[in-house]
Structures are given as C-alpha cells and as structure tokens.
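4 protein chains.
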Amino acid sequence: MRMNSFGRIFRVNTFGESHGLAVGCVVDGCPAGLKVSEQDIQGELERRRPGQSELTTSRAELDRVRVLSGLYHGRTLGTPIALVVENEDRDSSKYREIGYKPRPGHADLTWKLKFGHVDPRGGGRASARETVGRVAAGAIAKKLLAKYKVCVVAYTKQVGKVESGETLDSSMKGVTDLIESNPVRALDVSAAKAMAEEVVKAKKAGDSVGGVIECVALNVPEGLGEPVFDKLTAELAKAVMSIPGTRGVEFGQGFESVSLLGSQSIDEYFYEAGKVSSKNNYAAGIQGGISNGMPIVLRVAFKPTASISKRQHTVDLNLKKNTYLQVGGRHDPCIVPRAVPVVEAMVNMVLADHMMISGKIPRRI
Amino acid sequence: MRMNSFGRIFRVNTFGESHGLAVGCVVDGCPAGLKVSEQDIQGELERRRPGQSELTTSRAELDRVRVLSGLYHGRTLGTPIALVVENEDRDSSKYREIGYKPRPGHADLTWKLKFGHVDPRGGGRASARETVGRVAAGAIAKKLLAKYKVCVVAYTKQVGKVESGETLDSSMKGVTDLIESNPVRALDVSAAKAMAEEVVKAKKAGDSVGGVIECVALNVPEGLGEPVFDKLTAELAKAVMSIPGTRGVEFGQGFESVSLLGSQSIDEYFYEAGKVSSKNNYAAGIQGGISNGMPIVLRVAFKPTASISKRQHTVDLNLKKNTYLQVGGRHDPCIVPRAVPVVEAMVNMVLADHMMISGKIPRRI
Amino acid sequence: MRMNSFGRIFRVNTFGESHGLAVGCVVDGCPAGLKVSEQDIQGELERRRPGQSELTTSRAELDRVRVLSGLYHGRTLGTPIALVVENEDRDSSKYREIGYKPRPGHADLTWKLKFGHVDPRGGGRASARETVGRVAAGAIAKKLLAKYKVCVVAYTKQVGKVESGETLDSSMKGVTDLIESNPVRALDVSAAKAMAEEVVKAKKAGDSVGGVIECVALNVPEGLGEPVFDKLTAELAKAVMSIPGTRGVEFGQGFESVSLLGSQSIDEYFYEAGKVSSKNNYAAGIQGGISNGMPIVLRVAFKPTASISKRQHTVDLNLKKNTYLQVGGRHDPCIVPRAVPVVEAMVNMVLADHMMISGKIPRRI
Amino acid sequence: MRMNSFGRIFRVNTFGESHGLAVGCVVDGCPAGLKVSEQDIQGELERRRPGQSELTTSRAELDRVRVLSGLYHGRTLGTPIALVVENEDRDSSKYREIGYKPRPGHADLTWKLKFGHVDPRGGGRASARETVGRVAAGAIAKKLLAKYKVCVVAYTKQVGKVESGETLDSSMKGVTDLIESNPVRALDVSAAKAMAEEVVKAKKAGDSVGGVIECVALNVPEGLGEPVFDKLTAELAKAVMSIPGTRGVEFGQGFESVSLLGSQSIDEYFYEAGKVSSKNNYAAGIQGGISNGMPIVLRVAFKPTASISKRQHTVDLNLKKNTYLQVGGRHDPCIVPRAVPVVEAMVNMVLADHMMISGKIPRRI
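Chains as they are written, first to last, in this note's numbering: chain A, 14 to 378; chain B, 14 to 378; chain C, 14 to 378; chain D, 14 to 378.
In short, the hints are calculated from the structure, not lab data. Honestly, I wouldn't trust all of these hints.
A pair counts as met if it fits within one copy or between any two copies, since identical chains are not told apart.
[As the list claims (entries may be wrong)] For lysine to aspartate or glutamate, the following EDC-like pairs were computed, each having C-alpha atoms within a straight-line distance of at most 16 Å:
1. 214 - 190
2. 373 - 235
3. 323 - 179
4. 333 - 285
5. 288 - 329
6. 174 - 220
Bear in mind that the values here come from a model prediction, so they are computed numbers and not experimental data.
Isolated chain A, as found in the complex (with noise of 0.2 Å):
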C-alpha cells in the first residue's frame, strides 16, 4: 500500500494539510554521495510558488525550505532526507463553509465521504498544495539525474483554446530561460501571449480555463521501465495522473495515432552512427514499455480549476437541502504555469526511481 508514498527504490512520502503548520516529504533511497544544497530545492520550489504573476493567486508564501535530515557537508548521506515547508499565509477565514458545503469540481464532497474527518481549511491535505513535498522531492531526483545527463523539461502546450505546435528538440539552447522568461512557461514564446490573455480573459468572466503541458526527458538511457505491469508509459502515466486537476495523458502521437496506419506510426530502423536508431521517434522513446534511448514526448490534460468566482449549486451537508456557493479564497484561474514544475518533478521522480530499479544508478555515487 502506497498512499502518500511514491517509488520504489527512489521513494516519497509526501505530507503537510495546505493551512496545516506545515507541508513536506521525505526522501528515501537516494543514493549517498550526491551533492544538494537547499538552494537547490529552493530554486524549484520559487517555480512553483504561488504569487508569481497576475495569472496565479495572491496567496503570500515564501515556500523557504528547511532539510532536517540526510545531508551532511553538501552531500547525501544514502539516509532519509526530510524537507519542511513552513505555511505562512493560514489565512482560512474564507474556507468556513467548506466543512458543510462542498465545493463543486473539488475534492472536498468526496474526501468527507471516504475520511469522515477532514479539514476545511484551504481544502486542506486535497489542495495543490500538497505539490510544494513533490517539487522538493523532485529537486533532488532532478540533481541526481542531471549527474547522468538525464534532462526533463516541461512547458506549456495548450491553453484553453491557445495551441502551440512547438516541441522541445534536443538542439535547442536556453529552453528554460525561454520557458521561464513568460508567465504560461511557454515553450512557443509567440504563443505565450495569446495563452496568456486566455487567462486573463477567463478570470475576469469570474472563470477558469484549462491546458496541455507537455513534457520531454532528454538523455534517457535505453533500459529503462519493467515488463509487465511496470512499463514505463505506465508508471509515467500513474506519476502525472497523481496531480490534481489532471484528465488525460498520451505519449508521442497519442491520441491521433489511433487514426493512422501502422506503417504511418512505425519506427523504422536504421544504423546511424554505429547506433540502431529511427528517424522519427513516433514511439517517443519508449517501446513496449522499455525506453530506447531517444526523448521521451508526453502530454497531459488539466482541466479548468474547480475554483471559481461565479455563484454556484452546491448542498448545505448539516441541513440537508440546496443552496449556492460563492467560493472566496485565493485561487488560480488556470493552473497549469504553476503545474509545470510539479509535472516535471513527477517525471524526474518517475527516472530517478528507475534508473535505480534498473542498476544505472548505483546505491553510492
């Protein structure tokens, strides 16, 4: 049994209530020797922090990670690594109606059914809130990978109606100052704006709107991902499943390779280099659920957030009978610029777990 807990060698457990004292994870299983540094997590968390532009809520948090455990000069210890983010901005006078009036297109009707006993405040342990112990935890997956030139970027796709059709290509130079130099993290900065005022749009009809993040991991060893249950698409398909608002997920040509033929969808092969390669990956590096060595290409659905300001049907639990909801509280009208960073924590997570399961990364580095 899981849980709050990710990976199998490489493992997370995550923990912390979003109006809660705090949020966190511990790391189990990374190797000793790696060197992080908080500012290493730090510098992922900033990402995902809220507050970073009008396209995000103005809750006010600092996010300032503290490392209790599993680093001793520098360098992993091979021990259990535990990172706290203190909550600062508790302020969930606005959340009271919450424990009796369930938010539509939220969590809380069906976590009141399943737990009993739950916490209004802010949504509690099922806000997006929780992703702050998956951004640190993926901080140190992303550090060790990077020792083996295993890369993982994400960016944003698609916006409501706003589609890019640019994909990262492992030529490309300074993709992540590109990426975060828009406020969408728009891999297609001509994209951006339009993306943008999507957004904008959406939030002052007192609205939401979705996106597509794509995601692309360069580097990745052949080898990667176990037969049969394990397959790589599958765990990477659990991992970006797992984050809140999400709908679908596909990998290379996905959905539309359902209306194509087999020979319009096969790789061939061809040496190249001395290497077996194909020319153009529409297996998206992996096969049969076994990577082979070229970028790993997925795409994953965020519905609009659930947080609107519009007026509302909801129930009234204590009195048993229909009312409205007008939810307050800071929110986000389109999550997916602060899932970009969350994705790609659950990917490195996701390889880092792997390349361990598979020998690639030795228990002591």
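Given chain A's structure and the hints, the job is docking chains B, C and D onto it.
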C-alpha cells in the same frame, strides 16, 4: 518492486512466454469464500482468444485454463489461486530472424537491450499473449465485484477514422450481448460495420489500424482511491497503460476539457432522492482521485498494431548493417476487438483491489 | 523496497541523524477520526528519553515532539502524520575520530563500507537515537490499539546474569506503574534491584551488560497474521530484530521447546465459556502464524552495549594501520531499560498494521 | 501487502494446498542470463522430499518439478520463472475429521477462524508441504549466489536434548557430503547417531521432538542490509520465522550474549592482509544490520512437531463440545532434518534479494 505483479491486496503475478510451455498467473489476496468456477475464467478467456473472426490472428489456441490451487468445493480459500494455460500452437518457425533482426514497432530491440538474453519465439514475454494471465485474473476480480454489484463494461469506441458517439448509459439493457454480437465489439452496432471494414481494408493493404476503447464502471461505491499518489484516476491510468499497444488514456471530458471553461466542466451539486448528485457527471465518477458513486468513464488509445506484412527497414544486429524484414507469423491487423476484455480485466483488477484497500470488501465473504 | 519505512497499511517512515537538526517520522495510513494529542506522543518519548537515571546516558535531550500535519481538532485526518523532534544537545566534539577510527561493536565500519559518505557525529543515523521516530509512531499505534482493547506491555526480564521468572499475567493490575517504578523497568520489583546493581557494576568497570526484554500483548483478536510469509511471528520477529543491539527473539517456550516432547508443548483444546481455549498457552497466542486470541508472549535478547570506556583495539582507516580507541561521548552501560518502550513501539506498530490488514480496524473510525 | 510472496527485487510467490492439484511458485526478478537447469531445482527438492528415511513421513511424493516459463536455452530470461510440482499422493481420507475437529498444535483452528472456508485435506495450505515452493525458489537463489561465491550451509545442531558443539568453519571441506551422509543432517557425525535415536525414541512413544538448525553463510560481501528497518538480521529473522514450526532465532552469541560483558562480545578491529578484520566474529557477520564480510551465523529453534499419534483433547466445532482426536495421516516425528533445506532456501532468498537491492548483482548477468 513489482515488475510482473499488480495490485496491493488483490494482487496478481502473471508469467509465461508466447511460445513457452504455458502462460498464466497467481492471484493472491482474493477473499476466502467467493464462488468461482473454472468456467467463469474460461468464459473471459474465450473473448480474448485468437481466431474468433477474420479480424483477428489465425493462431490456433484453445486457451484451456487449469486451476492448480486456491479453490476448494467451488469457493476460494483465501490462498493463492494459480491459473495455467498451456500454449498449444507453438510453431515459432516464422520468428527465427527476430533474434537478430528486431521488428520495427515491437519490443524486440528494447528487450534485447535490457535483458541481453531473450526468447525470440513469437516475441516471448513481450508478446500480447501475456495478457492471457491478465484476463484470467480479471475474471476472478469480475466475479468478486459482481457480488457487490460493481460492473465494468468496455467496448470499441473508434477504429481508425471511424468513431462512434455512443457511450454506455446505466439504464441500458443487454449491452454485453450487444457488444459481443459484432466482431469489433462496438456498443454502437451501426458503426460496427464501418469499423470492421476499416480493419479489413488495412489488412488487405498489408497494414494495420488503431482504435479507442471506452470503459465504463457502474455502481462503484463512494470513497475508492487513495490520496495523494494512488488516486483512482492514477491507478486506472497505470493499469490500462500497461496493456501492450496503448498510447494514451483520458477520463470523462479528457483532452477536450482543456478548451472548456470551468463553468462548462464543473459538476454542481444537488440533492436527488436524498443523495448528493450532479447532473452531467463531467468528473466521470472520480473527484480529487476518489470515486463519488457515479459511473466512471475512461478511454484508452491503441496505436495501430506493429505487425504489418509490408516490408520494413530494420537492422541486422549480428552483421551490424541495415536490412529489411517482412514479418511472417500470425497477427492481428487491429488489436482493439481482442483488447476489450483486457481493458475490462485491468479495470476489474484495480477496482477489486481498491474495494479491498478501502475495506468495502472484507478478507472473507 | 522499504529501508526506512515499516508496515503495509499503518506505515511509518522514520528519519534523522543523531546530531543533525532533528529526528522524527511520518505515519501514513492511520485511520481518520482517532483522538490523539501531542501529549500522548510526548508521554512515550519521556520513557525513551536519555538522562532518566544513573543507569542511562547523560545526554541532555528534552525530546519535545511537534506535530506538523495529520491532526485537526485533536483527531487524525487519515492523512500523513509528520512528527518532528529537534536535536538539542548536539555536542559532537567527542565523536570526531569516529570518521576514520571505527568503534568496535558499532555500525561505524559497515556504514562506511556501504555508504562511503557518513555522518560521524554521534553515530549519525546508525545511532539508537533513530528510535525516537519509532517511539513517536508507536505512540499513535498504541492509541489506536487501545480503542480496540489491545494492550502491549514490555519489561526487563533479565540483565546480565540476573534473571526474573515472572511473566505478565492478564489478571495483573497496575503493571505499568510497577514497571515504571524501578529504573530497569522490571516487572519483578524484587529482581529489579539486583539488575540495577549489575548495570552499575559494569559501568564502574568501564564495561557494559546486556539483557532480555519480554513483551506481552493482551486482547489481540483472533485471525491476525498472514500465511505463509507474513506470519505474525515472522512479522514480530523482524520488527524487534530491527532494533539496534538485538541478537535474538523467541516466542512462548522458545528455544526451550526444543528439548521438550510434542506432548509437552501442544496446547490441547477445550471449550471454556463457549469459546475454544487451551490451558497452557504454550503457543503464546500464535498458531501457524495466526493469532488465536490468547496472550502473545515474546522475548528479545539485547547484547551488551558496544560503547564501553575501556581502551579497545581498532584501525585507522586513513593511515591504514592498527591503533587504539577510547570512546568518549555519552552512552548507556545497559540499553535494556530504555529499549523497553522501543520494543513496545515496534510490537504496537505490527499489531496496528495487522489489525488494519485483516480489516479488524477500518480506514475510518 | 505480501501474504504469499517474499522479497523485494528477487521476489517469490508460492502457491498450493497439500492435497490440491499442485504446489509451486513464481520467481520474479531473477536476473537474465543465469544458467539454471531443471535438475538444479530437482536436486534441492530431493532433500526436502518425504520418505527419505525412517525418521521422516511415509507420504509418497516424487516431487517432480516442471518449469513453465522464464527459462530459454538453459538460461533465465529475466521474466517470471513458474515452477510447478504436482501432488501425487493425495490420499486425504485420514484428514476428514480435521474440518471440524482442529488438531491441537496445528493451524487448523486459526485458519478456520481467519478464513472460514478451509481445505482440511492434509492441512491444506497450512501444511508444511507449502515449503516445496520455497525450496524450488531457493534453488534458483542458490544458483545465483553461487555465481558470486556466496554459499549457504545449514545443518542440524540439536535434536531434543542432544546438542552438538560443532559449528561450520569456512576452511572445512566436503561439508555438504558430510551433512547429507546422515539422516538427521548433522554436521557433527558423531552426534548424528544420538540425534537419530532421539527421534526414533519419540516416534515409538507416539510423540515428537524438536531441534535447532544452524545456518552459516560464507563469502557474503560487505554492505548487505538496509537501515533501519530492513537490517540483514531483521530480514533473515523474518525469513526463517516464517517457516512452519519455528519458535525462535538468534545470531552469533545470541541469547548467551545477554550474560556476557561488553568486553566479551565486542569484535575489536585489526588489519589482516590489508583488510579490516576481527578475531572472533562475535557479531556473526552483521554489524548494525549490515554485513561485514565475515561468516553469518544464525540458529533457528523448531518446536516438536504437532502431529503426534497420542490421543489428544480437542473440540468438535459442529457439536460445540469437547472430544478427542487421534491424528492419522502421515507425518514426521521430527521436522528438523527435512527443514534443513528449507532454512537454506529462505536464507538464500534473502541474500539473493539483498545482493540485488545493494546492486552487487545486476539485473542482467
């Protein structure tokens, strides 16, 4: 680590190579006291079996299951249930070349890269024949769920460019017969004919075609799914994405939700006959990763099968040079019709497991 | 893989080095709705805390626990419970040599061989200070079990050559006070004095002494334990043998049963007040790995602590030559009195977990 | 949850009831490329097989193993290895009463309480016949370890009151032949005769007798075992304590260490031929839960077998009254000689698993 096993409490370990002595599985954790007969399992295997129509491979396998343990007087003992299906048609003469000439689009190359020593006969363990074990195990999960009124139905939603708009509605009668009445296993019988033609056309061209399978789970109780990593969406996504040939999965409005507004995708709540309900089930039965009691709807994209008769470029790993391959052997021009029971099996396994994890099904019934 | 985590459903992940910032744990899988206070946890930590008497180390630690998550209005949420104890007395000046002069009898050398990069301060993660996390987690397990009348009591049975014949009987009153009333935590108060003298004598000689802890679990319901590998005996054996300094474990008649005849060790059955019962409980509450409702009795052997003041031979790993070490630092001449709550914690964790695995405790209470 | 499976990477799932169609196992996670023959497995099964001498049960089983998957051209594929042994002598006429008259000292009653529906024939899954699967799996682990020079040898150390002082020394030659040369499998051939007499004496009296098995693992590399819960001692303790009939386990000086002083039980370090070594190996090869390269020594206590011919008190669960039972069926007056290969199998499984967990054995060899 799991590799060839799946599930937490209701746990399945499959085994077997395509042209080895047998394929099968061990089901561990099934409650004691459940009525199961060999025929229950055999019935599901018949649906997956090759040679059912001109749309499928001509490999001759009767797929007779043998129950080695775990049943006594027609009831489960709560001990491991070992299920074995001997491979009868093991003519692998057509597969000799595969050992050094990997078939494009197949897992031959990545398995070779990962394991070094492989069984080339019929693709060995990478063959979709491993799904025999899944279907056998799924039959037991189905029987277990039936006792609790949970019912999972899958059907072909799209083949190639032919799509059907129809989705299973809980009020429908006789759907199983309807689906089994046409060789593509479509719910929409009028579309079924065009779908079949799409397959035949591809087959005649020595090519292949993909498709989409939709799966609906009815009467799933509230409260299944574990935050935060083992959300029901995440678990189901992994389950179906571990099936050979899959390229994507989506829930409810899926990728389409991206271009909708929040107000078009949020399920508002109302009391209906004393129960909290929503009108549209946009969330497709799962909110915040936890089931809400409404029908769960998911769709899985299958790429065109990799086995086509056309001559393809590949490499000779012995001579280390480019060459061609014309794949012999018996294969399906479209895997979708036979994948329908496999999708059902995986969804049944996930739901049975989560029914037990959540305590809705006890260890002894 | 588990490493620093323990349990299946009721699962604990501990973290922290002896002289790092903090030690602690995350408890995942505890049911929602359980009343737990910080004081419940603090109370158990007090029993493990150093500096309780002249028999224990003089390290000054208040061991104040802080609950970062998982509780709301005094009840568990069903979400991870993060517990942190900051290390206050971090004077590690005495431990500098350990980095290259491994202490005989300690884990210094094997950790160095395994991880390469280690934290020598106070033994780092290999210090028995890691058991703070176990005791904190065990306190929650204890609270959970108490709700179901299950009660676990451990006490010192032997110190050095001083053995006590007394075993806890379910009819005894006030046993906890009795045990806590003497510094060795013996049930047999008359033997306690001689035991304490044994410790003092060893301490004065710059030496150390071992002991046996007996642990009794009362009111354990029938049916706990999973055949065939996860027998309750096997699970308990692993749990207690993971405690630092243990050398053996036995159940009921234990090693003595070897020289008995079957007829002297088989519990014959009789009806007693409508329930099947036995007279002698030779099986110590577990038959075929499954609890039978009678008291569970186990004994754990602790070797003499490895930290003695006597000068010892060791090696200098830098200079690669033989040398001597006179261990400074603060340590216990006999770990047994402080290990009593640790044994209880581990047994509580196993029983809580198996109560949940077997469905005797639901996910929400 | 694991129930009938054991191990993390090298993982074994056993199945089968004593008088069902078959017993066996699936070994998952064994590296690809290992040479294994059916004879390697059969050889170990012969040692466990009933009917080897007058000291063991007369049940007639040839225990022929059949390898259903995972091997190709005499080498492992890295895929699951399914091993099946059909039960031939299924005469269960003697066991009819067990269904409602539980045998004292057996698991009949606790299984009934736990599972409700049980297979009474020969004890069903609770019979020690389930160890066939363990021994078959252990044979593969043994083969794998042999490639890395790791060698595990177990032998009978005590039967009833007859104890032998001899312990395996790494310099001994031909120990396996020595052990197999006498029916009790003692290392000490002079003691073997007295041990055999102890068994015969008990048998004649319609009684049974227990014993101690000692197990030594040679050439185990440094660094196996995972802090803090998966210490090598803890893992081995669980492994052997899952064997039917066990009552205790101890390592090295074990329970005797309790009455020693620290200075009598601490291994001081010295350089010996450039390697850090100790003189006495008091720690028995494991320090702080991690192997140090020296021989691992453990002892397992087996109680007298529960099947005795004497008439015993028991209850009639149908009539709900006290009654008597005189157990028929075929059984061993002392299980120890046949348990020797089972102890070896479990230790081999743990070591193979930890060799893989620590990366000492890769996924492909």
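Going through the hints against the structure:
1. Taking the shortest Cα distances, residue 214 and residue 190 never come within 16 Å of each other, neither inside one copy (26 Å) nor across copies (49 Å).
2. Taking the shortest alpha-carbon separations for residue 373 and residue 235, only the intra-copy value of 10 Å comes in at or below 16 Å, while the best inter-copy value is 21 Å.
3. Taking the shortest Cα distances, residue 323 and residue 179 never come within 16 Å of each other, neither inside one copy (34 Å) nor across copies (32 Å).
4. In this assembly of identical chains, the alpha carbons of residue 333 and residue 285 lie at most 16 Å apart only when taken from different copies (11 Å versus 68 Å within one copy).
5. For the identical chains of this complex, residue 288 and residue 329 are inter-copy neighbours only, at 12 Å across copies versus 64 Å inside a copy, given an alpha-carbon limit of 16 Å.
6. In this assembly of identical chains, the alpha carbons of residue 174 and residue 220 lie at most 16 Å apart only when taken from the same copy (15 Å versus 34 Å across copies).
Hint compliance for this structure: hints 1, 3 are broken, all remaining hints hold.
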